[in-house]
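A.B. asks: Numbering (this note's numbering), first residue to last: 2 to 205.
Among these hints, one or two may not hold up.
Unchecked claim - Quick list of the computed label-pair ranges, beta carbon to beta carbon:
#1 Gly138 - Ala43: 22 to 30 Å
#2 Thr41 - Ile150: 42 to 50 Å
#3 Val180 - Gly56: 26 to 34 Å
#4 Asp74 - Pro164: 17 to 25 Å
#5 Asp74 - Ala146: 22 to 30 Å
What the hints contain is simulated information worked out from the structure, not anything from laboratory work.
We put the beta carbon where it would ideally sit given N, CA and C, even for glycine.
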Amino acid sequence: MEKNSIFRGITRNILILGFVSLFTDLSSQMVFPLIPLFLTTALGAGAYAVGVVEGAAETTASLLKVVSGYWSDKIRKRKPFVLFAYSLSSLTKPLFAFANVWLFVLFIRVIERIGKGLRTAPRDAIVAESADERVRGKAYGFHRAMDGIGSVMGAVLAFLLLPVAGYRNIFLFAFIPAVIAVSIILLVREKRTDTKKEKRTPSL
């Protein structure tokens, strides 16, 4: 019997980061799909406020992906970026429960997306460094699959809880999987880079 498996080549780090993404997206999808409704029904904000909040959030995340990739490459440490960024995003989740005006939601949403922007590039770099070249596509595919599973679970959970718990309680509950995700990151073992070899490169 052949030992080939769909999980062959999925290393410890890739597995860990997969579960980090699962719990993070579970937490996020318990919150973010509800934000437009929360803004309009609970806070009485208009469509303009919803557009500003979501537009500012996604723009922030996109711009910071380049910055985080550059700095994590420069200092050759990716895990600290990933840990800080996931922690930042996680800490914002329960704060939505205390929002009374849409500007506070805007502030929290931007802070959360700062975490998203800072973590994406260094996290993907760890996945790449942890996978053999021959299975790198599988590694990214596994990571995205765990991402998707977490998203579906979070959305379904939010849908089921909304009638009985309400917006604010769901935002508080979302903190639990977020904390689990951050805790799992501590298990990641970052590969050491040999900086001495680079320093010895002869000049022409």
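A.B. asks: Now tell me, hint by hint, if it's right for this structure.
C.D. replies: Structure-based check of all given hints:
{"no.": "1", "hint": "Gly138 - Ala43: 22 to 30 Å", "verdict": "43 Å, violated"}
{"no.": "2", "hint": "Thr41 - Ile150: 42 to 50 Å", "verdict": "29 Å, violated"}
{"no.": "3", "hint": "Val180 - Gly56: 26 to 34 Å", "verdict": "29 Å, holds"}
{"no.": "4", "hint": "Asp74 - Pro164: 17 to 25 Å", "verdict": "47 Å, violated"}
{"no.": "5", "hint": "Asp74 - Ala146: 22 to 30 Å", "verdict": "27 Å, holds"}
In terms of the numbered hints stated before, the structure departs from hints 1, 2, 4, listed from lowest to highest.
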